[in-house]
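Chemist: Sequence:
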Amino acid sequence: MENRIIRTNGIAMNVIVAGNSNGKPVILLHGFPEFWYGWRKQIQPLVDAGFYVWIPDQRGYNLTDKPPELADYRIDELVLDIVGLLRATGHEAVNIVGHDWGAMVGWWLALRYPEYIKKLVIMNVPHPQVFEKFIRKLDVRQIAKSMYALFFQLPILPEGLFHAIDSKVMLNYIKFNAKKGSFTDADLAEYHQAWSQKGALRAMLNWYRAYVRHAPAPPEDWTIIPPTLMIWGKKDSYLSHRMTQPSIDWCKDGRLVLFEDATHWVQHDKADEVNRLLVDFLG
Numbered sequence: 033m034e035n036r037i038i039r040t041n042g043i044a045m046n047v048i049v050a051g052n053s054n055g056k057p058v059i060l061l062h063g064f065p066e067f068w069y070g071w072r073k074q075i076q077p078l079v080d081a082g083f084y085v086w087i088p089d090q091r092g093y094n095l096t097d098k099p100p101e102l103a104d105y106r107i108d109e110l111v112l113d114i115v116g117l118l119r120a121t122g123h124e125a126v127n128i129v130g131h132d133w134g135a136m137v138g139w140w141l142a143l144r145y146p147e148y149i150k151k152l153v154i155m156n157v158p159h160p161q162v163f164e165k166f167i168r169k170l171d172v173r174q175i176a177k178s179m180y181a182l183f184f185q186l187p188i189l190p191e192g193l194f195h196a197i198d199s200k201v202m203l204n205y206i207k208f209n210a211k212k213g214s215f216t217d218a219d220l221a222e223y224h225q226a227w228s229q230k231g232a233l234r235a236m237l238n239w240y241r242a243y244v245r246h247a248p249a250p251p252e253d254w255t256i257i258p259p260t261l262m263i264w265g266k267k268d269s270y271l272s273h274r275m276t277q278p279s280i281d282w283c284k285d286g287r288l289v290l291f292e293d294a295t296h297w298v299q300h301d302k303a304d305e306v307n308r309l310l311v312d313f314l315g
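Going letter by letter, the sequence shown gives residues 33 to 315 in the numbering used here.
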């Protein structure tokens, strides 16, 4: 496993690379508030199965550049970051695996540039059209789950609060909404270190803000062309599993796997099961 700095879409992106370059390429995209370390339980099983694994700290996270403007975090900019990254792998198309915001980037990458994706794996984030529909129809249960995202829209206050109490809100965001034992104290210390990078908290929150204030232009067709596997923990505190089947309905070739006793952090809660699914589906 090695660390590389990749220039892509005008930023320097910190990337962990593991496996043989002749292996099957896969890019793992983390979500909020993680960084490459969020895929630590998947790296070796994928390498052992013959995959060439690339895991970036996405824009604004950990050791990757943190542009200052809100517009720098538009979803199309985040997608172009990954387009540049996949070109750096030396392959014309790669497998994409995304969780949380990483899954949202995966959805939009598939909508904008389906030719770059061999297969797509989505974890605990709905198709963007489905999420928008649930919010627009004022689905009470989903709106209640999304209240934290509304708080993140406030300028300055969220990051000020997190700094004032030494990121305890963020640590609890992970620790108390995952299965017991999924995150150790050592794991949480790694996250705390990543969040302590200068400008990181604001950059991370800007993903939420930019998606609302710089909404992406809708595609002509919301259909997802690449073969898609959706993995979902039904005990998600933030996103309703009722959005899963409507999301799969947008996929030309989609499969859904639900874990009854997993949370939003499904790749942590059910690491062995998720790893087997990844190897089987992407292989």
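Since the hints were derived computationally from the structure, they do not count as laboratory data.
Quantities reported herein were computed from a predicted structural model and do not represent experimental measurements.
A couple of the hints might just be wrong.
Stated by the list, open to error - Listed next, the in silico DSS-like pairs over lysine-lysine satisfying Cα-Cα at most 30 Å (straight line):
#1 K56 x K150
#2 K56 x K284
#3 K151 x K284
Chemist: For a C-alpha distance cap of 30 Å, please report whether K56 and K284 respect it.
Modeler: Holds, because 23 Å separates the two Cα atoms, which is no more than 30 Å.
Chemist: Starting from K56, check that the Cα of K150 is at most 30 Å away, please.
Modeler: Distance of about 10 Å is within 30 Å: holds.
Chemist: For a C-alpha distance cap of 30 Å, please report whether K151 and K284 respect it.
Modeler: With Cα atoms ~12 Å apart, K151 and K284 stay inside 30 Å; holds.
The structure meets every hint from the earlier list without exception.
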